[in-house]
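K.L.:
Here is how the chains run, residue by residue.
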Amino acid sequence: MILVWLILIPFLGGLLCWQAERWGEQAPRWIALATMLFVLVISVVLWLGGDFSLPGSYESQWLLEWRVPWIPRFGIEIHLAMDGLSLILVALTGFLGTLAVLCSWHEIAHRVGFFHLNLLFILGGVVGVFLALDLFLFFLFWEMMLVPMYFLIALWGHSGSPGQTRIRAATRFFIYTQASGLLMLVAILALVFVHYSNTGELSFSYDVLRGTDVPEPLAFWLMLGFFIAFAVKLPVVPFHGWLPDAHAQAPTAGSVDLAGILLKTAAYGMIRFALPLFPEQSAAFAPVAMTLGLVGIIYGAVLACGQQDIKRLIAYTSISHMGFVLIALYSGSELAIQGAIILMVAHAFSSAGLFILSGQLYERIHTRDMRTMGGLWSRIPVLPGFTLCFVAASLGMPATANFVGEFMVLFGTFPSAPVVVVIASVGLVLAAIYSLLLMQRVHYGPEYRPGPLKGPDAREYGMMLTLLVLTIAVGLYPQPLLDTTAAVAAPVAELFTDASDLAARAGEVN
Amino acid sequence: MNGIPMEHGLILASILFSLGLAGLMLRRSMLFVLMSLEVMLNSAALAFVVGATAWSQPDGQAMFLLVITLAAAEASVGLALMIQLYQRYRSLDLDAASRMRG
Amino acid sequence: MLTLESLVSLLPLIIVATTAVVVMLGVAWQRHHAGTAMVSAGGLVLALLSVPLAAGALTSPPLMTVDGLAIMGSVLVLLCALVTVALSHHYLTGYIGPREEFYLLLLCAVTGALGLVASDHLATLFISLELLSMPLYGMLAYSFRAERSLEAGIKYLVLSAAATAFLLFGMALIYARTGRMDLAGLAAGLAASPDAWTLAGAVLMVVGLGFKLSIVPFHLWTPDVYQGGPAPATIFLATVSKLAVFLVLLRLVMVAPIFDSEWLRTLFTLLALITMLGGNLLALFQPNLKRLLGYSSIAHFGYLLVAIVVGGQLAVEATGVYLITYLVTTLAAFGVVTQVSSPFGGEDAAGLHHYRGLFWRRPWLAAVMTVSFLSLAGIPLTAGFIGKFYVIALGVADARWWLVGSIVAGSAIGLFYYLRVMVTLYMPEPGMRRRDATEDWGSRVGGLTLMVVAVLILVIGVYPAPVIDWVVDLSAAL
Amino acid sequence: MMVTPVVLSFLFPLMGTLVLAFSSGRLGARGSSVIGVGSVGLAALATLWAVLSHTGDREIITLWTWISVGDFQPTIGLGVDGLALVMMAVITGVGFLIHLFAAWYMTGEAGITRFYAWMNLFVFSMMLLVLGDNLLLLFLGWEGVGLCSYGLIGYYYQGLDNARAAFKAFVVTRIGDVFLALGLFLVFMELGTLDIATVLTRAPEFWAEGSATANLAALLVLGGALGKSAQVPLHTWLPDAMAGPTPVSALIHAATMVTAGIYLIARLNGLFLLAPDVMLLVGVIGAISLLLAAFAALAQTDIKRVLAYSTMSQIGYMFLALGVGAFDAAIFHLVTHAFFKALLFLSAGAVIISCHHEQDMRKLGGLWRKLPVAYGGFIVGGAALVALPLVSAGFFSKDEILWQAMAADRNGLLIAGLLGAVLTGIYTVRLVLGTFHGEPGSDHARHPEPGTNLITHHLPLVVLAVLSTFIGAWLYPGLGGLFPDAPGEAVEGGHTLLQVLAIGAVVAGLALAGWLFLMRRPWLDDVASKGAGASLWKLWHHAWGFDALFDRVLVRPWQWSVRMLRFDFINLIMNLPALIARGFNAGLVRSQNGRTRSYAVVMVFGATVILLALALVPGGVA
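Chains as they are written, first to last, in my numbering: chain A, 16 to 525; chain B, 4 to 105; chain C, 280 to 757; chain D, 1438 to 2059.
Worth flagging that the hints you see were computed from the coordinates, not collected in a lab.
Note that CB positions come from ideal geometry on N, CA and C, so glycine has one too.
Take these hints with a grain of salt, some might be off.
[Said to hold, decoys possible] Among the chain A residues that face chain C by a calculated CB cut under 8 angstroms, a handful are:
#1 Trp20
#2 Leu155
#3 Leu170
#4 Ile190
#5 Leu198
#6 Leu204
#7 Ala205
Produce the complete structure using the sequences and hints provided.
P.N.:
Take a look at the structure:
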């Protein structure tokens, strides 16, 4: 029952914030903060309590499970379950949600209640995505988390840019994700009806559908339906157009959520749904996916260097980082998938940090254009120091979580695809280039405009410090995270091994 | 029954129908548009009568009566609206009433 | 033969007809707007209560069949009429000139719709269709002093008459070839082989009905009539008229095999494709809200045509659910337009700029509108999503990949203008004076029904099981 | 976590960094320099304690397992053996002296806390690099050192070209790091472990000598070493790295970071022995860099750039030693080089500060009487650099390398070494004469302000000067035991012949330089200003044009593609559906022209099309 509460708390909190606006501007902020802290505390308590040993054959792999019939006609049920991976991601959502509320403490001045309503609805939807196990319920949360994000970007976007671009960016974000989501819905329904024709049982539940053997030509298209929906959200290069615009226009809280969690829902979706449901096709599709990952890394890096707007640069770096995750997921090695999970968490920390810093910069110099920045190191007391740390994290400096993630991915993928790893390592050099470019243009070089600026107050300092400590902690001692997700990564990796044997055997046969 | 074969009746009705259609599309004044509507309805009624005679059943005739009553109702409402059109635009031209577009 | 038993099965139609007569006498005796509204609402409620009785009756009148489809149709028609009456009362208070006649026209149209839904014979089909359309000309041209309403009335009259002529001619051809007028007889008569004339007749009937459902090549009248007609009339046109005609088309396809031939199925597929895409594409940059809703209703019926193409048990069920979700959503959307433009002041508040920043003036009205537009777009947790899910499930079950693809493309395009409308609600409004719903809109009958409808959208979206079970039971009886 | 001296030795700098980084301005200049220097001093003491208590065999201290997934089990473990201790001694010892001198050098500079924070972080990363017992931890130190060099080279961040030099240094070394990373991946895939000891035992079992994988692994490790030690292909960043303060150049670009590559190859000697032709390549690269840098040093005007190129050539010597398999000789030269090159850099720093940041030799001169300590440092350092026989430490280590080269009868390398020795003599004399003798070129040089502080200025220079003499060479404990036996052992005779040759080369170099610069100065100047001489001088000045080559081949195309791709054209493809929809919308909206009759026409047209399709399309009419 606690799983239902995990989803309901953000929604109730959101409604409370909307109504609390009557009692003054601060009330919604405190309520939102309390809600997200509550979610974080619950997930941490669950984490400490739960044991994540590899699932024995007898008891189910889910730490917690909650199941109730919803639409009997189609066999749809509200089926929530939590295992190591979803627990970590829910905790991450709680943490980043708290950060999002904190970093928009002064930034959002008008219509505060409605802002927090949207913010908490996004987080509720995301927690729903991580916990939903019924394909219909998963799709429902998948589409539902878009609406509040759309309003967040369209209504509270950066005042700097004229109104129209904000709405266009928000609409592009919405339509990209929604249309690809519908493709996934078609794939889900096709899978359900194939299962129905095989076994006469109409059900949307994950465990039941995993076993269906779908006839070959159709199976590839279904896998593609799932892949495209997650590729648009990841984002994978041809479908990445919406991310830089959405980030450039979103408020800081929106960017933190968008980069921190929404991208992770796509990776989670791949690990949970795309790979296990269609193992053979995914194995066959792996080379294409890896090439897309590579293109993502290189293309994201090259474009990141060319950007003038600081948030667009960070957005393109996210595309580059997510390229690594895509490679890992389709490499079929347990080490790489564990690395991908660590990289997801690490990227959430480093990109959230960089976005919060760019938000704080915007509060001080009211611009995001790097051409009008320079030599800020001497003008702002502590912020540049933190920026340097997060820049180091984003270029994969050892002792940061990104390094652990990236190198586990590369170590894991090397045996199965050495050429891919060689090209991906070029991405490491490009990562150094765009990260240091960010540092160079913003903090080093001659001062564009003289005059000292005020340093970070306690709130900002606290946020930055926690993020930094977490990055270093995971960088130096990632074992707790690894143990929790071990139970998830192992079966996914085996999917590929027996899938590739299958493919190999199939290869011999014909 | 060695009267004229049914196909000829139907073809006549079709020709009548297409004449009504042409009138609907070509004429500008609303009066003639209403008239061509009547022609189309009557052609349908004719087809019914032809059908009835072919199958020697009374159904066709009954339908003919229904069609006539409908045509009358149609005409009355149409003329009422035409009067309002004339009062507003001082002309019977159907295209005068085409402000809503796009 | 017309036995007492079959009369009972026609009870709702009889009650509505008597209400119309009572209203007519009431108008003749002494005009009282609120009274008339109460009487017509009472009549509709009474008819609604009598539906279970009618459903219980075993035999049905000669030219009609009161089966599951008819019952479902009658219930939906009565509910929509009830909401229209509730909304039109506040709207008409501002109308100078006779107000009671509107309810009279509405009741006659409802009678026609009830007859159409249960019709089993070409004659009853024709008569009920005309009984439904004739009062609509009056309702649309009700405020004839405003030229837009007159223009809408004229356009609808001319083109609807032409469509009826097509329908009639089609019926005539089929009658001439088969000599049978009732659908069951038609089916037997045609079992031999559908020749040129019968197929031509079928096509002409499709054109006639297609006009009423505003399927793409015959949709051009829709935006102008939706924009011109007074808001309550547009609600009635968008809900009851389309609902009844679609159920008839479904019955024709289900019962009469000539509609079942492979060739017609490809024709319907093509029509569905162009209707979905055409409806959405036309609405992309539409500044007028009522025209936009007109285009969106075209698109929605494009999605629904998939049920006609697929046919079978699941199709009837999908039609039932989709119609319920479509009706609830359209009632809410048009209801908001009615609330903002009532009491009637000569011109409806259709321009999108009227709704800019509505959330900061009328939060709950804007919330209703947001929910309705989310439902139109088919976003989860709203009824619209359940409808879209059903239609896609239908398309996938029958492996109609072209149709499913165009549903996805259509809804992606549709998102653009639904989002554009939704975001204007929350934009900070510039200082311009603009029309607004009356302060106490929420406490009036119309406002309350609107809130109930909005809640219904969310309830169906969150927990659709009861609605689905109801539709499954009714369609099983077919 | 046992508190052994080794753990203490690298914890002190870490604590120093954390205190300085999070003090955010509360510590004044004095406070931060005390902490900065103090922490490295304590580290030196801890190292000393560790050296004394070292029992000879390799001791592993595992702090905790870093990651454990399946058989990928890297640990945070410290491997302490002779090689590590020697390197630790150099890092903390020479590092401490440089930190001490930096206190004097940086007086009056803004942001001293930031300077010492970076310096301490550098020492910490270097210690980790040296102590890491598995390759992943070594890689951690490896990258940490790169980051600190970025921070320190870009210390004067106001100047755009300083920041650009730091950026270039980091990117070029990062390219080397990527090669090393690929090497790590290959090693892990083939041998299943990253632990250095196990790698060295398993390598011979799994790989045959000279097999493709062995060659590839050695090549990749070599690539990493080249990047960090600024050898031929990846050396362009070293001269520009002189943009940082001189103590930084002394610590990073003379004593410690640039030697990381040699340490790596020495540590993984087993790997290289399995790939003899890669060993030869190491030697050849060493020889090429040796000569290239020596020639370039001849034509430099900035004293720090001369020293930078001389560092590059001395490391070339070390690579040459590694190439012929004389690992012990390479480390020996590494140690002595750390002493005398640090001395030279610090003396140069003393000169620069005294002449108000004047670095150009042509503007300096006639300082030998005014800056006696700096002059003394230069003389002793220069002697060691030139390898003055019997007196200087350089002689013993360089002679050992040449002897090993001769013993391994790699005559080509030997000749390159000798030629290098001659050239070294020439540019050292040119440097000393240009800076200290002759007429002062600018008023800064006429009245310099010599450093007077006894502890922070004189002490480091004197100590280093002492270490640069034969005492430094004597201090070095032979590490023969740790490495496979060098070629020199097997051969008896010929050592004396080599010593004669080496001494001859040195004497010839000095004589030639003396003759050229003292007697024939005017002749030399006009040769260097006309025709062939001038172009040769320019070529050497720009270090054989490598920088320009890389700029045109790599940097410019990269910038061009970044500019071209700034407009995200793949995005256009995704905008296509929107444009198509917009086109259709425009077309369809025109059909809504409001006239009833045109609506009727379209309706009729639709009906006729369907009817025609009925007649024409087969299957319609049965």
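K.L.:
Work down the list of hints and note, for each, if the structure agrees.
P.N.:
Results of checking the hints against the structure:
{"no.": "1", "hint": "Trp20", "verdict": "violated, 17 angstroms"}
{"no.": "2", "hint": "Leu155", "verdict": "holds, 4 angstroms"}
{"no.": "3", "hint": "Leu170", "verdict": "holds, 5 angstroms"}
{"no.": "4", "hint": "Ile190", "verdict": "holds, 5 angstroms"}
{"no.": "5", "hint": "Leu198", "verdict": "holds, 6 angstroms"}
{"no.": "6", "hint": "Leu204", "verdict": "holds, 4 angstroms"}
{"no.": "7", "hint": "Ala205", "verdict": "holds, 5 angstroms"}
Hint compliance for this structure: hint 1 alone is broken.
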